[in-house]
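Let the sequences and hints guide you as you build the complete structure.
Line by line, the protein sequences are chains L and B.
Residue numbers for the first sequence follow the UniProt record's numbering, beginning at 1 and rising by one.
Residue numbers for the second sequence follow the UniProt record's numbering, beginning at 1 and rising by one.
No wet-lab data here; the hints were simulated from the structure.
By construction, the Cβ of each residue, glycine as well, lies at the ideal position given by its N, Cα and C atoms.
Hints may contain errors.
[To be verified] Once the Cα atoms are required to be at most 25 Å apart in a straight line, the calculated SDA-like pairs of lysine to any residue come out as:
1. 2(L) <-> 361(B)
2. 408(B) <-> 261(L)
3. 418(B) <-> 32(L)
4. 386(B) <-> 354(L)
5. 396(B) <-> 466(L)
6. 394(B) <-> 150(L)
7. 418(B) <-> 265(L)
8. 466(L) <-> 373(B)
9. 442(B) <-> 241(L)
[What the hints assert, rightly or not] Just a few of them, taken from the derived set where beta-carbon distance is under 8 Å, the chain B residues facing chain L:
10. 218
11. 311
12. 345
13. 397
14. 399
So the chains spell out like this:
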Amino acid sequence: MKIFSESHKTVFVVDHCPYMAESCRQHVEFDMLVKNRTQGIIPLAPISKSLWTCSVESSMEYCRIMYDIFPFKKLVNFIVSDSGAHVLNSWTQEDQNLQELMAALAAVGPPNPRADPECCSILHGLVAAVETLCKITEYQHEARTLLMENAERVGNRGRIICITNAKSDSHVRMLEDCVQETIHEHNKLAANSDHLMQIQKCELVLIHTYPVGEDSLVSDRPKKELSPVLTSEVHSVRAGRHLATKLNILVQQHFDLASTTITNIPMKEEQHANTSANYDVELLHHKDAHVDFLKSGDTHLGGSNREGPFKETITLKWCTPRTNNIGRSVLLEQPRKSGSKVISHMLSSHGGEIFLHVLSSSRSILEDPPSISEGCGGRVTDYRITDFGEFMRENRLTPFLDPRYKIDGSLEIPLERAKDQLEKHTRYWPMIISQTTIFNMQAVVPLASVIVKESLTEEDVLNCQKTIYNLVDMERKNDPLPISTVGTRGKGPKRDEQYRIMWNELETLVRAHINNSEKHQRVLECLMACRSKPPEEEERKKRGRKREDKEDKSEKAMKDYEQEKSWQDSERLKGILEHGKEELAEAEIIKDSPDSPEPPNKKPLVEMDETPQVEKSKGPVSLLSLWCNRINTANSRKHQEFAGRLNSVNNRAELYQHLKEENGMETTENGKASRQ
Amino acid sequence: MPTVVVMDVSLSMTRPVSIEGSEEYQRKHLAAHGLTMLFEHMATNYKLEFTALVVFSSLWELMVPFTRDYNTLQEALSNMDDYDKTCLESALVGVCNIVQQEWGGAIPCQVVLVTDGCLGIGRGSLRHSLATHNQRSESNRFPLPFPFPSKLYIMCMANLEELQSTDSLECLERLIDLNNGEGQIFTIDGPLCLKNVQSMFGKLIDLAYTPFHAVLKCGHLTADVQVFPRPEPFVVDEEIDPIPKVINTDLEIVGFIDIADISSPPVLSRHLVLPIALNKEGDEVGTGITDDNEDENSANQIAGKIPNFCVLLHGSLKVEGMVAIVQLGLEWHGMLYSQADSKKKSNLMMSLFEPGPEPLPWLGKMAQLGPISDAKENPYGEDDNKSPFPLQPKNKRSYAQNVTVWIKPSGLQTDVQKILRNARKLPEKTQTFYKELNRLRKAALAFGFLDLLKGVADMLERECTLLPDTAHPDAAFQLTHAAQQLKLASTSTSEYAAYDHNITPLHTDFSGSSTERM
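If you want it as structure tokens, here you go:
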């Protein structure tokens, strides 16, 4: 249904003339005798509704259904007509609810049977209806403003539902002519107006209602085009429940609705789970929810059509949830002739609104997909799953309903703020544990958690500085660092080398944020002042030539995080370049990343079988693996390293040989490990 | 979306194709050649697609039910016999049945019809079907439009001139029209030969079977991905220029939401998000999915060991029980989440919401979702024990409030009895009594149903006379007061008839006469 179809604007015109005060002649017993009452009491005489009451009640029900299913963009204008037209509300969204309409109707009250019938006419209301259809709704206004010079392409269509008691077919024709003429006139007026719109299409639904038992003086007539702008249909309906049923059918037609009857709903689910008391509820909803039935022709119409021959409903059975963990949802089962059960729909409630979901009951086209562990990156076992979980929690969304403004006065879009935050928080975010030192250190947390912020408080800066001093202190005391021990038995590089790596990484993190604010700059200044940088000369002597080249590269990369290709890219490139090489290249790849700290002395992965750390990153981290991880990290700091391995960092030739020897084994072993 | 290949095996497909020199080809050979090419393409680039093979002449047969095993499909191609005349309508009915049985009516399917443009003769021929199209009843409805979202691709083993020389092309165009314009006709450009058949099937592959590649982004964290099945353009039923919306090739994560908060939202479609390794030219190197092929194997091995953002994201979404909200285009969003296929296998999935500013009413407008750090206090609470969702609708739905509907007599009777029940338990039930009384009063005033007010007033007065001796004296006072007030309201002139007026309990004080109490 298009936004500006006929259903965007509905005008109810209800006759308020004296004859509408007449009884519908359908009695309602309201004084029902109750058990254990004194015998001999004669119940009060039944009462009956007036034509007016029936009309108002039925049209309110129409509106109730419409508002429930379309809380927005489907608008009603309610007009009652007697010696003049009384417009009860406007097109504005605030006026669109039952409470407003009920209060306005109460103020009008029932028609006065003693009023002069000569002064009263439904025509006043019909003229007002056309007038109101020319008035622009806020949604039309919005769409026109959006389209600027193409504003005329916004449609203005509407429907007039007129409930009256007509005298004859020619009387009906007179009403139609009047509407047509009025549209013609008002379209002329609207053409020269900025705040009125011409009516492009108007659907007139004339409902002639009369007391039960009388003969209708008006004949039914299906929809007919009276002019390119106006179509009209006539329904001759007895008052009382017949009128209500008619409007119920119309609301379904007008808004593409369908009906589902839910059976076997237990009374008070839990308390009376064992009693057989249950009941049925009929729901109206968009007819798309029946699309499967309609197309497959498997329309299993509701058993007893108590409501009359034209009322169609599809019956679904309530399946009481066995456990409560589904939340506020209930599955609905479709009874099939074959006796097989198919869960076809689900009812769920969100914030007091009930939604009917269509579930797919056929085969899934996504069945048996490849597992993520079999794909790219699937074999990597030390993702920072928990850290990213924390990251996600920090980047959760929440609604900001009140408009907020930027400093320049322009409207701030909360979702854009969310994107900005993600950008900031990911400027430096190593994905795997063996690629980072600082994010494995509790001591860095106070700094790392605030440096990503858009702005810092004085206290934040102070905390950052404290963190840096603390690190300096650690270095002075020669405390060990949790530097990538994954897959190694050894301690990795020497202590001073470890600290250099750590400082470099921290600098990368802080540098990524120096443009956020002057306070961020101050954190960097503090860091630069405090961090130890051994004299270049000495460093060079220590390291081999190859190593030196690499260092330069990495240092340069750290200067500017923006220029630096995200490490995944470089990795991937490398991966592709080295594609043809022997397997041993693989061990290189991670090591070679420009900005990641050396995963020092990365031993062939075959060793991992002996260390429980391989458990670490197979998808969800279990408590056991968390614990093992912790213990292992602690242990690895304690035990003494083999002297030989300590020196092996720069001794590349030896390391390569070692790798080659065990390479064949490595792949298979590893393959097994990740498939577990 | 699954594919049904519908292959014409009528005698006309055995017509030879004149090729100088080399061995003699028939049209069916050309068709088989083209399909082989299609199957090979799918086996390498589109391997999760389910394909079925149907052959037809005057009868039809499902040769290969829906499968991802392209070898089986390929084999079936070489085992096709020749049959009698073309009878397209029954074959299309067959396709309807096959698809609906397997996938229901909601999953989009592609139907690839391979024929030579000879549309049969007499009853059952396409001409006959089309000529009788307007005389159908519900029971022998023409199979088009297909009762499921579909594309009908007609691959003609004939060139345009040949089809135009008869009314074949027109008839085939009618078919596409009948399928609501969903589909396309392909003909061979130039002489009928293997090369030109290849180029025709190449066009089909480009149109319908190119994998959808995108970049998944979360700030600076990115991954190249393939989205399967590829998301099809969505036509928003808009007033002005219904332009099909196509999803961005940048899938940008905007934030995260707990699964419990997003609940089970309605979605347009669901897709696998598969990380892929691309080389410099943007060609896919491998999905990392292990394969028998050795070359591919080593490439996959390497790809498997390079950390990938998808795997990290998937792992954390799974552990935390969260979804990532992803922006697909202007006012179009979706969500990424982990879905377990079995205990061992799980996957990163993406569901597309309906385009629009507010696809899920209980989250509010998407543009109004912002980072929690912007809120004065954490809306999730310090201990993560709260949630800002679901948002309550501005106006409660009628079923979430006590709306009065008297269309069925039972509705009115229930409301009257409620008042009566409470009247008999006065003064204990004074509050409920007046609450129900006022609700009835308001509705009666709005509906102009003043007789009801009088009737209920009479009823209350009668109740007053029926009070047992043991009744509290207050009961009689309240009943008389209530009846009087209802009568005032029904005369519809006094201030007591105002809609907003509420009948309040009569103020009584029986503290002095406590002996009366039971």
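Hints, verified against the model:
| no. | hint | in the structure |
| --- | --- | --- |
| 1 | 2(L) <-> 361(B) | holds, 19 Å |
| 2 | 408(B) <-> 261(L) | holds, 17 Å |
| 3 | 418(B) <-> 32(L) | holds, 11 Å |
| 4 | 386(B) <-> 354(L) | holds, 22 Å |
| 5 | 396(B) <-> 466(L) | violated, 53 Å |
| 6 | 394(B) <-> 150(L) | violated, 32 Å |
| 7 | 418(B) <-> 265(L) | holds, 23 Å |
| 8 | 466(L) <-> 373(B) | holds, 24 Å |
| 9 | 442(B) <-> 241(L) | holds, 21 Å |
| 10 | 218 | holds, 6 Å |
| 11 | 311 | holds, 4 Å |
| 12 | 345 | holds, 4 Å |
| 13 | 397 | holds, 5 Å |
| 14 | 399 | holds, 7 Å |
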